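Visitor: With chain D's structure known, arrange chain S on it following the hints.
Those protein sequences? They're chains D and S, same order as listed.
Each residue of the first sequence is one higher than the last, beginning at 1 in this note's numbering.
Each residue of the second sequence is one higher than the last, beginning at 294 in this note's numbering.
In case anyone wonders, no lab produced these hints; they're calculated from the structure.
In this text, all values refer to a predicted model and were calculated from it rather than measured experimentally.
Yeah, the Cβ is synthetic: ideal placement off N, Cα and C, and Gly gets one too.
Since no wrong hints were added, every one of them can be taken at face value.
Below, a list of computed lysine to any residue pairs in the SDA-like style, where the Cα atoms sit at most 20 Å apart:
no.: 1; chain 1: D; residue 1: K268; chain 2: S; residue 2: H420
no.: 2; chain 1: D; residue 1: K268; chain 2: S; residue 2: R413
no.: 3; chain 1: D; residue 1: K125; chain 2: S; residue 2: S458
no.: 4; chain 1: S; residue 1: K396; chain 2: S; residue 2: N383
no.: 5; chain 1: D; residue 1: K270; chain 2: S; residue 2: L412
no.: 6; chain 1: D; residue 1: K270; chain 2: S; residue 2: R413
no.: 7; chain 1: S; residue 1: K463; chain 2: D; residue 2: P101
no.: 8; chain 1: S; residue 1: K448; chain 2: D; residue 2: Y291
no.: 9; chain 1: D; residue 1: K125; chain 2: S; residue 2: D461
no.: 10; chain 1: S; residue 1: K448; chain 2: D; residue 2: P133
no.: 11; chain 1: S; residue 1: K451; chain 2: D; residue 2: V248
no.: 12; chain 1: D; residue 1: K204; chain 2: D; residue 2: G62
no.: 13; chain 1: S; residue 1: K448; chain 2: D; residue 2: Y127
no.: 14; chain 1: S; residue 1: K416; chain 2: S; residue 2: E398
no.: 15; chain 1: D; residue 1: K112; chain 2: S; residue 2: P455
no.: 16; chain 1: S; residue 1: K451; chain 2: D; residue 2: D136
no.: 17; chain 1: S; residue 1: K448; chain 2: D; residue 2: D136
no.: 18; chain 1: D; residue 1: K268; chain 2: S; residue 2: I411
no.: 19; chain 1: D; residue 1: K270; chain 2: S; residue 2: E414
no.: 20; chain 1: S; residue 1: K451; chain 2: D; residue 2: M140
no.: 21; chain 1: S; residue 1: K448; chain 2: D; residue 2: F138
no.: 22; chain 1: S; residue 1: K463; chain 2: D; residue 2: P198
no.: 23; chain 1: D; residue 1: K125; chain 2: S; residue 2: I450
no.: 24; chain 1: S; residue 1: K416; chain 2: D; residue 2: S79
no.: 25; chain 1: D; residue 1: K65; chain 2: D; residue 2: H234
Ranges between beta-carbon positions, derived for each pair:
no.: 26; chain 1: D; residue 1: E34; chain 2: S; residue 2: I395; range: 58 to 64 Å
no.: 27; chain 1: S; residue 1: R356; chain 2: D; residue 2: K57; range: 55 to 61 Å
no.: 28; chain 1: S; residue 1: I395; chain 2: D; residue 2: G189; range: 46 to 52 Å
Take a look, some chain S residues computed to stay more than 10 Å from chain D by CB distance:
no.: 29; residue: F329
no.: 30; residue: V330
no.: 31; residue: M360
no.: 32; residue: N364
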Amino acid sequence: MLKGAALGFAGLALPLDRANASFWEAFFQKHFREMNDAEIKKVISRLEKEYAEKYKKAITIGNEKPLPGVLYGYGLDLSRCIGCRRCVYGCVEENNQSLDPQIHWITVLRFKKGEKWVDLENAEKYYNPETVPQEDYFYMPVQCQQCENPPCVRACPTQATWKDPDGIVVIDYNWCIGCRYCMAACPYGARRFNWAAPTRPSEKINPNTHYLGNRPRYKGVVEKCTFCIQRTRHDPGRYPACVEACPVGARKFGNLLDPDSEMRYLIKHKRVFRLKEDLNTNPKFYYFFAYGN
Amino acid sequence: MKRSLVMCAAFLFICAFILHPSFAESAQQELPKKLFVTPPPFSEGIFPCSQCHAGMPVNRTPRKLEMMHQNIILKHMPGGWCFDCHNPDNRDTLRLANGKIIKFEESYNLCGQCHGTILREWKNGLHGKRTGYWNGEKQYYLCVSCHWPHDPPFKPIKPLPPPVSPSDIK
Chain D
1 MLKGAALGFA GLALPLDRAN ASFWEAFFQK HFREMNDAEI KKVISRLEKE
51 YAEKYKKAIT IGNEKPLPGV LYGYGLDLSR CIGCRRCVYG CVEENNQSLD
101 PQIHWITVLR FKKGEKWVDL ENAEKYYNPE TVPQEDYFYM PVQCQQCENP
151 PCVRACPTQA TWKDPDGIVV IDYNWCIGCR YCMAACPYGA RRFNWAAPTR
201 PSEKINPNTH YLGNRPRYKG VVEKCTFCIQ RTRHDPGRYP ACVEACPVGA
251 RKFGNLLDPD SEMRYLIKHK RVFRLKEDLN TNPKFYYFFA YGN
Chain S
294 MKRSLVMCAA FLFICAFILH PSFAESAQQE LPKKLFVTPP PFSEGIFPCS
344 QCHAGMPVNR TPRKLEMMHQ NIILKHMPGG WCFDCHNPDN RDTLRLANGK
394 IIKFEESYNL CGQCHGTILR EWKNGLHGKR TGYWNGEKQY YLCVSCHWPH
444 DPPFKPIKPL PPPVSPSDIK
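Excised from the complex, chain D in its bound form (with noise of 0.2 Å):
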């Protein structure tokens, strides 16, 4: 049996310069939710170790855990959004997005008015005008819902993707295998895929990270917004990036089991959608109108 197992490893046929204990450790890994607290922090320890080699600076990679009482929940004000899109390169500064090949993590849609209302087919996303908003458009920022019942967990076949009790849908880098199923299973076209090794120069690294949010990536792994979970899981915890880089003030974050957060007050007075309700997959993320129409 032994003699077996040997024999398959000597298969993998590994150069020897890159057969050292990092790359065994890494090889065999285990589940994120089945290592202990100990295991977590050798593990971390290790990648903090391979960022400071690769980006010849430190990283410090947490490992907050969800915060009991919490549902993060998220509101954006349809009739406050301008269509700028601060809020893409805000989220990509936080979140050491790729910059060649280029990853975004929202999307912006543009919308005609007056016509069938939320027309995906006939969205425009590459919208280019000198200012606006323009006269006649609405638009519609979207990003992972962080669904409740999230169809891209049930897709993934190596568990590497799965809902946190705070409610953030969350990938593990390390166990992602890049089969891309999440992104045909994600009704919202919110994951992104590293067709590339993804590339960040290494002054716009933001070394503050997370291990299920915003560390460095691979090649062939797929991610997502967190909420960013490296700011918001903490007590107190900031505001996510793209919150605070609205310039109109249209996007809302709070905790919807907090009857008095502003999440809880939006729900109650304005009107609400959530994108593509009739798929039931129970969205935390809230579009409403504060005023008009």
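Guide: Frame of chain D; chain S shown alone:
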């Protein structure tokens, strides 16, 4: 004698009620806890206004400004005038319609005189922008951080570049 004792007890009871911290708190609490407003966005070197205005006589006649503040063309409230909001007797403060003098830091109450529903939504976190901590200290942008009070509508801005289209990838 007996009557005065009862009166005295009632008085003490009322005093205790008023002095009770929870009562005092609810009366004074203007904004929810853990909420701070950003500093007013003055143009550089313009505040305190009294550095120029202190010795100047007050001219209350509505007119086109020619010596200073030429950039201010009031497009808010037709027929309005400086002293609808600014305090003629102390320019470092603002004045509500009911005569109450307030600081620039509290200008939201001035805006709220007309825009009451917006003020309510601002206090509840719906209108306007908040930064800071979702479950802790938040900075609240004043109305005037985004809306120039003399011409309030939000001005169009240039959008950041669109994503790379697959057809652009060589």
